[in-house]
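S.K.: Based on the provided sequences and hints, a complete structural model is requested.
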Amino acid sequence: LPGSPPDALPSTGPHSLRDMPHPLAGSSSEEAVGGDSTPSPDLLMARSFGDKDLILPNGGTPAGTSSPASSSSLLNRLQLDDDIDGETRDLFVIVDDPKKHVCTMETYITYRITTKSTRVEFDLPEYSVRRRYQDFDWLRSKLEESQPTHLIPPLPEKFVVKGVVDRFSEEFVETRRKALDKFLKRITDHPVLSFNEHFNIFLTAKDLNAYKKQGIALLTRMGESVKHVTGGYKLRTRPLEFAAIGDYLDTFALKLGTIDRIAQRIIKEEIEYLVELREYGPVYSTWSALEGELAEPLEGVSACIGNCSTALEELTDDMTEDFLPVLREYILYSDSMKSVLKKRDQVQAEYEAKLEAVALRKEDRPKVPADVEKCQDRMECFNADLKADMERWQNNKRQDFRQLLMGMADKNIQYYEKCLMAWESIIPLLQEKQEAK
Amino acid sequence: MYETCVVLFLFRSVEHTDGQSVLTDSLWRRYSEFELLRSYLLVYYPHIVVPPLPEKWAEFVWHKLSADNMDPDFVERRRIGLENFLLRIASHPILCRDKIFYLFLTQVFFFYLADSRLKALNATFRVKNPDKRFTDLKHYSDELQSVISHLLRVRARVADRLYGVYKVHGNYGRVFSEWSAIEKEMGDGLQSAGHHMDVYASSIDDILEDEEHYADQLKEYLFYAEALRAVCRKHELMQYDLEMAAQDLASKKQQCEELVTGTVRTFSLKGMTTKLFGQETPEQREARIKVLEEQINEGEQQLKSKNLEGREFVKNAWADIERFKEQKNRDLKEALISYAVMQISMCKKGIQVWTNAKECFSKM
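Those protein sequences? They're chains A and B, same order as listed. According to the working numbering, the first sequence is numbered sequentially starting from 73. According to the working numbering, the second sequence is numbered sequentially starting from 273.
Hints should not be assumed to be uniformly reliable.
[To be verified] Ranges of calculated distance between the beta carbons of each label pair, as one might list FRET restraints: (1) 500/A - 588/B: 36 to 46 Å; (2) 467/B - 427/A: 28 to 38 Å; (3) 467/A - 347/B: 57 to 67 Å; (4) 595/B - 489/A: 17 to 27 Å; (5) 309/A - 456/B: 56 to 66 Å; (6) 216/A - 456/B: 53 to 63 Å; (7) 329/A - 422/B: 37 to 47 Å; (8) 467/B - 278/A: 23 to 33 Å; (9) 408/A - 345/B: 45 to 55 Å.
Hints were generated in silico from the structure; no laboratory data involved. We put the CB at the ideal spot given by N, CA and C, even for glycine.
M.R.: Here it is as structure tokens:
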């Protein structure tokens, strides 16, 4: 795998697990700790890090300070997000270590979820559990149910066409792992979602299936009330700001769709170019076999074209694995956001309908009945949550796309640099004067 | 009614006297006249590897390149090819002295010197004892022709595909621009990056045009392979001629011997008629022996001169072939170097564009 570009700094955007060691990884050997291991005192006092524990992605050493780094400066050094606002981060989640399970009924992949947290909601400072895709799917449904006023991040696509994609190939599993990791990190970053009970259970429960079967409904007050809103109410006009969000999301999804198509087309053309190159190079070898003095130069050209072919293959693989999935993720994201907008509309519609009904019944004036007040409450909370989430989403989107597109540019630069090196190295060989035999 | 369009090439001869260049003659020639000149050279210098003409019709084109003979790019490349052809002849130690070549450069009317020997070049025949060097050379020229054709075909396909890759990137320009319209902070970065994608997409046209020059250099040697084969064929023709003459002489000697000794071993019409109509008189036999002895003498002289001719041919041809080999190695090395330089330039341009785009993205 090519390493990440030296200039890019990790953010909440996608980054390779290899680039960044776990922020709370201490000098003691405590990777992959089970839920019942004794916590080391170091972790409980998570704030006092030594500088020697930090490995910065760009290979530099941390700015020397004699005192232990505070968590905010730790964050500043690891992530230059506008997002963080110096908030203390007390929850870290990582998805890694995919494993294949072969059972009589089915074969599936599980991923290891490692959680480190100092929050009171967590009994232990560290957890390690294994989850499969359908567990993530369950989590997402529960979140949608219990936090309907918030934007829930998307999951990678559930279904894959069997026969076309190998569900167990290394590339597919790795792409999925990255997406699942991203999913959990987005929830972790969310000030409301990260405290959700289902999320907690997902991260900590040894037997998730048992919990699922119990069917404990832990709906928040909002969830309960929104759940009961039927689709019977029709909103007349969406308020301007939400209409603007709706329009934005429509156009945004459209443009992303176009970019996805273009990117796919480029990869397709590049693969066809690669096919021709793989025939082109060897012809120089064939020619070389006929010649005397020209044999070495021709063979050199053949090898050079071979190197360029390999570089091109690496480029197309990278784009397929790293670029396309993130685009698709954002298209799914904007789709789910549009449905949240619709739910908001319904809540507003219910409120307006009830208000209208009250206005027609003259007796209840001037006192506004309790249930209408409740509706108004609901609507205002929804609007506030949604607006806050939109702003957070816009910021994250900007980071993510900046990183994604810079990554694309980088991969292309690396490709051309590899080819340049190959051709430059062959010039002296071509200019070499052959001694007369 | 046909309307024929003819492209004429103007060339000028420049004479250098007392360090001054003086334009002496200039006249127009069309492609078919160049063909006549080359046919003449093939016939009169059979042991020389005669430089080839540029292609008559556009071959090995990738789809964006025109296959039209009237297309200005094709005409220009043909002009370069024809100029190169004349320069090759002018720099050849033997061919540059040819009178017809001089006339080609100076006389307005150019006569076609028909020669039956030209037709003989295409005849098929079997040679018993060819010179191994020529056989090897013929195999080499066949294989060279085959490999260069293959190379040119694949190169054209590679060019086609590369064109596609670059051009699709142009679509990013438009979509980034449209997207930037709905974005606040990201807008400028996207817009300017889109511009660089447009630059990238349009850069391929010049790149591939330059590469055509490389293809033309390869093509010249593709056609040179044909010229090589022509020399080998000429050797085969001479060898065949020699073998036939030797065979004829041997048969006549045999006949003569039989007549003298009275034994009939070989079949002859005379032998047949003798059997049917009776023996000939001793005077008749003497007369025949005399004729045969004369023919044998003549034949031996001819064989001697043919042998000499053959050896001269081999010597001269091989000298020119050695010269040709040196030229080929020099030229093709140079062609490969210039190809590598083109690739390097293309890579550097690519790095530049994507670095610019990356900077725009970083400002998003």
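S.K.: Please go over all the hints and tell whether each is borne out by the structure.
M.R.: Verification of the supplied hints:
Checked against the given bound of 36 to 46 Å, the beta carbons of residue 500/A and residue 588/B, roughly 38 Å apart, stay inside it. Checking the proposed 28 to 38 Å range against residue 467/B and residue 427/A shows it is violated: the Cβ atoms sit about 52 Å from each other. Restraint check, residue 467/A to residue 347/B: a C-beta distance of roughly 59 Å satisfies the suggested window 57 to 67 Å. Between residue 595/B and residue 489/A the C-beta distance comes to about 42 Å, which lies outside the given range of 17 to 27 Å.
Roughly 25 Å separates the CB atoms of residue 309/A and residue 456/B, a value that falls outside the hinted 56 to 66 Å. For residue 216/A paired with residue 456/B, a C-beta distance near 29 Å fails the hint of 53 to 63 Å. Evaluation of the 37 to 47 Å hint for residue 329/A and residue 422/B yields a pass: the beta carbon distance comes to about 42 Å. For residue 467/B and residue 278/A, the hinted distance range of 23 to 33 Å is not satisfied, since their beta carbons lie about 56 Å from each other.
Checked against the hint of 45 to 55 Å, the C-beta distance between residue 408/A and residue 345/B comes to roughly 54 Å, which is consistent with it.
The structure fails to meet hints 2, 4, 5, 6, 8 from the earlier list, while all remaining hints are met.
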